[in-house]
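Asks: Sequence:
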Amino acid sequence: MKLFLGEGATSTLVGRRAPAASVPCDQDDFRRDAAVLTLHHWPSLRRHLDLDDPSPTLATALWDLAGILTDRARVRESQLQLGALDQGIPAGSHLRAEVAERVLRAQARMSQLDANVERQVEHLARLADETAEFIREQQALRKAEAILRKADYLLDTDNTPHPGSTTAADLTDRTTAVLAAYQELTR
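Residues in the sequence shown are numbered from 930 upward in steps of one, following my numbering.
For the record, the hints were derived by calculation from the structure and aren't laboratory data.
A hint or two may mislead.
[What the hints assert, rightly or not] For each label pair, taking beta carbons as the anchor points, the in silico distance ranges come out as:
no.	residue 1	residue 2	range
1	1024	1047	32 to 38 Å
2	1077	1038	24 to 30 Å
3	1109	1070	55 to 61 Å
Idealized CB from N, CA, C, for every residue including glycine.
Construct the entire structure; sequences and hints are all you get.
Replies: Structure representation (structure tokens):
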């Protein structure tokens, strides 16, 4: 998996990583794509609000998240190694107590790292959700305004007849009068 991060990262660079569905470590949590979604939504937000480019901040957040995930993978590997050691050490050995103590420390560290990952991902997901919700609201407002304009254009609010609505009646009256006059002349 390639993840390009750095100052001024754009959605093109961040978007080059493999989709979450194809990366085993990301399959548990699709919310990690929130940074890409935020970068995608940001130009629409800038049309309405004067906001700074989030790319550097998002790149830093993703870099920090990658560091936490790396630490978590190392701790997980250490847990596996400690678990394998525990099975081979004799019951009365002083090393067995040390291994048990390290297993507890690794579990505590893993819980801490899991909480850090969840917190980082939650912040990114909330940002993506809020930007998406703002865009949905703006689109709904634009659609409502367009429908109202169309309704104002199409609906006659003052109930005055259109000039064209009497044209057929006038034509009928004139034609009837002309035909009646013709019939009188030809009799």
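Asks: Tell me the numbers of any earlier hints that the structure contravenes, in ascending order.
Replies: Checked against the structure, the only hint that fails is number 2, while the rest are satisfied.
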